[in-house]
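First to last, the sequence lines map onto chains U and H. Residues in the first sequence are numbered consecutively from 299, following the numbering used here. Residues in the second sequence are numbered consecutively from 13, following the numbering used here.
Just so you know, the hints here were simulated from the structure itself, not pulled from any lab data. Since the structure is predicted, the reported quantities are computational estimates derived from the model, not experimental observations. Careful: at least some of the hints might be erroneous.
[To be verified] Here are the simulated PhoX-like cross-link-like pairs (lysine-lysine), alpha carbons at most 25 angstroms apart as the crow flies:
#1 U:LYS713 to U:LYS677
#2 H:LYS55 to U:LYS490
#3 U:LYS380 to H:LYS55
#4 U:LYS338 to U:LYS462
#5 U:LYS490 to H:LYS101
#6 U:LYS462 to H:LYS55
#7 H:LYS63 to U:LYS380
#8 U:LYS497 to U:LYS353
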Amino acid sequence: MGYPHPPHPKETVVLSKHFGDAEARTFEGWVTRGGYEGLKKALGMTPEQIIEEVKASGLRGRGGAGFPTGLKWSFVPKNDGKPHYLVCNADESEPGTFKDREIMRWTPHGLIEGVAIAAYAIGSERAYIYIRGEFTEPWRIMSAAVEEAYRHGALGGNVFGTGKRIDITLHRGAGAYICGEETALLNSIEGKRGNPRIKPPFPAIAGLFGMPTAVNNVETLAAVPHIILRGAAWYTGLCLGNPKSTGTKLVSICGHVQRPGNYEVTLGTPLKEILYDMAGGPRPGRRIKAVIPGGSSVPILTAEEADATIFDYEGVVAAGSMLGSAGMIVMDDTTDMVYQIMRLARFYAHESCAQCTQCREGTAWSTRILERILAGNGKPEDLELLLDLADNMTGKTICVLSDSCAAPIVSGIKKFRGEFEAYLKKLRQPALVAV
Amino acid sequence: MSDTVGAPRGPQRGASAHGGHGTEADAAYQPVFVGETRAKLEKLFEQYPTKQACLLPALWMVQEQRGWISERAIGEVAEVLGLTPAYVKGVVTFYTMYHTHPVGRHFIQVCTTSPCNICGAEDVVKAFLQHTGCGELGATSADGRFTVIEVECLGACGFATPVLIDDDFHESVTPEGVPALLQRYK
Numbered sequence: 299m300g301y302p303h304p305p306h307p308k309e310t311v312v313l314s315k316h317f318g319d320a321e322a323r324t325f326e327g328w329v330t331r332g333g334y335e336g337l338k339k340a341l342g343m344t345p346e347q348i349i350e351e352v353k354a355s356g357l358r359g360r361g362g363a364g365f366p367t368g369l370k371w372s373f374v375p376k377n378d379g380k381p382h383y384l385v386c387n388a389d390e391s392e393p394g395t396f397k398d399r400e401i402m403r404w405t406p407h408g409l410i411e412g413v414a415i416a417a418y419a420i421g422s423e424r425a426y427i428y429i430r431g432e433f434t435e436p437w438r439i440m441s442a443a444v445e446e447a448y449r450h451g452a453l454g455g456n457v458f459g460t461g462k463r464i465d466i467t468l469h470r471g472a473g474a475y476i477c478g479e480e481t482a483l484l485n486s487i488e489g490k491r492g493n494p495r496i497k498p499p500f501p502a503i504a505g506l507f508g509m510p511t512a513v514n515n516v517e518t519l520a521a522v523p524h525i526i527l528r529g530a531a532w533y534t535g536l537c538l539g540n541p542k543s544t545g546t547k548l549v550s551i552c553g554h555v556q557r558p559g560n561y562e563v564t565l566g567t568p569l570k571e572i573l574y575d576m577a578g579g580p581r582p583g584r585r586i587k588a589v590i591p592g593g594s595s596v597p598i599l600t601a602e603e604a605d606a607t608i609f610d611y612e613g614v615v616a617a618g619s620m621l622g623s624a625g626m627i628v629m630d631d632t633t634d635m636v637y638q639i640m641r642l643a644r645f646y647a648h649e650s651c652a653q654c655t656q657c658r659e660g661t662a663w664s665t666r667i668l669e670r671i672l673a674g675n676g677k678p679e680d681l682e683l684l685l686d687l688a689d690n691m692t693g694k695t696i697c698v699l700s701d702s703c704a705a706p707i708v709s710g711i712k713k714f715r716g717e718f719e720a721y722l723k724k725l726r727q728p729a730l731v732a733v
Numbered sequence: 013m014s015d016t017v018g019a020p021r022g023p024q025r026g027a028s029a030h031g032g033h034g035t036e037a038d039a040a041y042q043p044v045f046v047g048e049t050r051a052k053l054e055k056l057f058e059q060y061p062t063k064q065a066c067l068l069p070a071l072w073m074v075q076e077q078r079g080w081i082s083e084r085a086i087g088e089v090a091e092v093l094g095l096t097p098a099y100v101k102g103v104v105t106f107y108t109m110y111h112t113h114p115v116g117r118h119f120i121q122v123c124t125t126s127p128c129n130i131c132g133a134e135d136v137v138k139a140f141l142q143h144t145g146c147g148e149l150g151a152t153s154a155d156g157r158f159t160v161i162e163v164e165c166l167g168a169c170g171f172a173t174p175v176l177i178d179d180d181f182h183e184s185v186t187p188e189g190v191p192a193l194l195q196r197y198k
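My request is simple: use the sequences and hints to build the entire structure.
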């Protein structure tokens with residue numbers, strides 16, 4: 299539901315059903331609400347059966363990449379005699395995204411259940427949940443929930459009396475956006491700088507501590523107990539015409555809307571309904587100018603493009619952007635697009651791990667060029683220079699951080715070129731002071 | 013491009029007027045990993061196949077006790093985990109939440125990334141700088157009470173502007189709300 303707002307009739311409430319209900323946080327509260335039934339059922343199935351069920355559900359990664367979850371698990375070798383690891387990516391740091399935070403704050407046991415099922419499915423006895431360092435409250439709530447789960451036999455050496463071992467360790471990040479990239483995250487758990495690794499090998503073959511590993515997002519794992527309990531057919535039934543995009547998605551909406559929050563929708567819902575019906579549309583007297591639909595790393599849509607978008611993996615691509623994490627940033631006509639694109643570039647420059655030249659130099663120089671445009675010192679060739687830089691930052695590095703920096707710059711110049719030119723032609727007062 | 017550098021920015025996080033890493037006299041250093049803290053770390057060793065994996069947790073333990081991570085503390089962590097001090101320092105400086113210099117008694121982090129920026133986050137920063145007496149980003153107030161910094165996305169964009177004060181997460185902070193909020197931190 300649209301926490302912190304009441305549920306909207308057009309939402310499909312599955313993961314967010316207990317948002318705002320503090321009693322659901324405790325083990326007993328969770329059990330009273332039907333919790334841990336999914337894990338108990340899963341423990342009676344074989345790992346192969348679980349993987350097949352999740353494959354059949356069509357569940358895709360909710361962190362941004364949209365990779366089929368069951369397929370990812372099936373890549374982890376079987377009976378290879380090595381320890382396997384399940385890693386939950388709770389490093390939610392993508393600007394515009396704040397859904398995993400609410401899952402951990404309100405339904406910690408739902409996440410524990412999902413992690414435990416996934417761990418069992420890939421033959422892992424030890425799972426790590428990597429929580430970003432700034433999430434102090436979710437950390438406290440998750441810590442308490444893990445402790446409770448151990449006390450009630452939902453974790454440990456004999457999970458619910460089945461003789462199966464599943465241990466969960468929470469691992470705290472320390473302020474690095476890049477650790478949301480799965481291989482950087484693995485390095486961070488290993489006690490290293492969070493530099494992404496070259497793939498292949500993929501984590502399924504050589505991941506954490508060099509062992510077969512599956513890395514899944516919080517929201518993805520939170521959906522798993524529901525799928526196991528209610529069946530793949532129920533999940534594929536949550537679909538509005540596109541069989542490649544099934545189930546529900548939490549959409550975080552922020553920026554210039556009347557009711558920012560998390561709304562849970564069936565994939566395939568028109569973006570317009572989320573933006574106007576659920577989030578209430580623009581503030582009174584204002585008009586929406588731009589929408590970044592999937593977290594700051596995806597191309598910017600104009601209001602007209604956003605209005606025509608079907609909100610699922612394929613629909614947002616067809617509109618010229620990506621579903622990403624479904625962190626939707628809404629900007630109205632008061633927004634200085636050049637300034638906000640500079641802020642995004644600055645974000646990526648700050649967060650670059652600096653191992654690839656194209657990213658280290660590209661993000662920093664893009665920021666500086668945008669800053670000089672804003673300071674009224676832009677040169678006529680600056681927009682072409684930015685686009686040329688962006689081209690060198692796309693598809694040429696170990697991870698996609700520099701691509702993510704290029705996305706808002708390229709789409710911003712393409713769609714809001716007039717705003718950039720107003721600074722270049724000195725038709726607009728400088729927004730920054732030249733130093 | 014030195015003639016066209018744009019936005020004025022405060023000192024980098026953890027920087028000091030003197031530059032370099034914070035130091036303290038050898039004689040004054042009391043080890044962190046003794047007694048209960050040592051036991052806590054030993055317990056963590058059981059949850060990872062390598063001691064190195066306990067590096068981030070160990071650094072957190074140091075910062076919780078001492079407020080920052082000094083060169084001497086880095087040496088101690090290295091010794092406890094069987095790593096070199098240079099390696100540990102490389103990791104400490106990668107992660108922005110570890111302080112390599114002492115900071116104010118209360119550490120204030122204000123999100124100013126785009127989603128909060130368009131909702132007025134920069135005015136919230138100004139209010140904190142004014143009411144804490146810090147004056148500029150990264151500086152500590154004369155009474156040692158506060159340090160204010162801007163941070164990139166705190167992951168609570170629907171509750172602009174989120175502010176992290178020590179371990180307390182505050183949502184929907186406005187410039188007007190700043191004085192009352194600061195009253196809670198002595």
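Against the structure, the hints come out as follows:
no. : hint                 : verdict
1   : U:LYS713 to U:LYS677 : holds, 20 angstroms
2   : H:LYS55 to U:LYS490  : holds, 20 angstroms
3   : U:LYS380 to H:LYS55  : holds, 23 angstroms
4   : U:LYS338 to U:LYS462 : holds, 11 angstroms
5   : U:LYS490 to H:LYS101 : holds, 11 angstroms
6   : U:LYS462 to H:LYS55  : holds, 22 angstroms
7   : H:LYS63 to U:LYS380  : holds, 19 angstroms
8   : U:LYS497 to U:LYS353 : holds, 24 angstroms
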